[in-house]
Amino acid sequence: MFSQFDFEVIRSALPFLWEGMQFSLGLTLLAMAGGIVLGTLLALMRLSPFAILSWPAGAYVNLVRSIPLILVIFWFYFLIPIAIKHLTGNPYASGIGPFYSALIAFTMFEAAYYCEIIRAGIQSVPRGQVQAAYALGLSYRQATTLVILPQAFRNMIPVLLTTSIILFQDTSLVYVVGLTDFMGAASKIARRDGRLVELYLFAALVYFILCFTASYFVRRLQERITPPR
Amino acid sequence: MDFGFLFEPAFSGGGTYLDWVISGIQWTLYLSVLGWIIAFVLGSILGVLRTVPLAILRVPATIYVEVFRNIPLLVQMFIWYFVVPEIVPKAAGDWLKTQMPMPEFWNAVFCLGTYTASRVAEQVRAGIQSIPRGQVHAGLAIGLTLPQTYRHVLLPMSYRIIIPPLTTEFLTIFKNSSVALTIGVLELTAQARQISEYTFQTFEIFTIATVVYALITLTVTFTMRWIEGRARVPGYIGTTGK
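Chain order of the listed sequences is R and Z.
The opening residue of the first sequence carries number 1 in the numbering used here; numbering runs sequentially from there.
The opening residue of the second sequence carries number 230 in the numbering used here; numbering runs sequentially from there.
Think about it this way: if two alpha-carbon atoms lie no more than 25 Å apart in a straight line, the pair counts; the simulated SDA-like pairs of lysine to any residue are:
#1 R/85 / Z/429
#2 Z/326 / R/191
#3 Z/326 / R/5
#4 Z/319 / R/7
#5 R/85 / Z/425
#6 Z/326 / Z/256
#7 R/188 / R/166
#8 Z/326 / R/193
#9 R/188 / Z/415
#10 R/188 / Z/333
#11 Z/326 / R/201
#12 R/188 / Z/313
#13 R/188 / R/97
#14 R/85 / Z/426
#15 R/85 / Z/231
#16 Z/326 / R/9
#17 R/188 / R/211
These are calculated hints, taken from the structure and not from any lab test.
Only chain R is shown next, with the shape it has when bound in the complex:
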């Protein structure tokens, strides 16, 4: 069964796999940062009393959350070049490269999911805090950035991190547009050398160790920072 398992294939593939892993990690961290910033804006829009802000944000979030990530990736791979030609006015404008296309797709997709978490986090801040901030004479911007968001984020950190672990797993889906993330690298070597068993099991093991360790630390963090009630 495992008698023909060839560790040499994996060892010689390690440098290429490491390049793929850097792509995966870079994409995850940047999409996470962009997604949280954009998600916060979307959440503030959704909670706004003005329908002109809350309605488009709600429509965007609900639409993105109801379609598969792969379709979102296809959408952005199709739309980004068109948008660039439109913006630059140059019909021969070159794209922005596969990494940035993937980054935009993942940021826009994750923003919708982060938005719902952040909205719940903001709503978990007691109403009295907002009233106290206004009573002290803070403006909306001051109350939001100095009083509400710091408390909201403290409650949300574990959920945001858990979502980011899923985001890391989801980055493997850039495979569908042929990019070389960790899974893409494993898949390319697997096909070139005809060593599907070794490479795919190794990829599964690496993902498992990384995600399992990360979720363990998130659980520990959650126990530590749960605010006293």
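Please arrange chain Z on chain R, whose structure you already have, making use of the hints.
Using the frame of chain R, we list chain Z on its own:
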């Protein structure tokens, strides 16, 4: 936008492009529903096992959940399709490779089902654990065995409580069914891409796929919200609406 291309004869297969879209929707639904049956049954068993006071049952269930939750679905899809036939005993492997009907489809169903089972298990466990411990004690005190306590006391309560998260998990498997395109199942997303390659009406066909996904999601959400309202446990805080 011009949707006329839908009624033109497709590049191959005899029908029109509209037939391709409909066939894609059907495969997406088959994948989601069959995968969900596996996920629900297996996930319920695992979720119950994770709460029983016997480590010999609890530990394997915990290992299952951690393994299937921490490996990306795409990797699991490839393992079912490319790796499993190579590492099972030779006769079984040969059957999987040559005799199995619709190997892409059934591999995708098992993959989606076993992956989602780990997530369903967590919801079932959370549901059981949300019931006050006094109910177990009361069940045991009136002479029920532990399996009877689960059957008549804990499970009827927890399933009613976890309808909303289970709905989310069903919608997740529905959206995740698009990952099956990586091993060659022509479900809705795959058909949308294929049609865009043949007709160059990318904007139109992606819009159609998006609308179909959104409509099915909406239908499921509203149906489940109705069921949830009917099944709500009196005395518990309603989660319907928001």
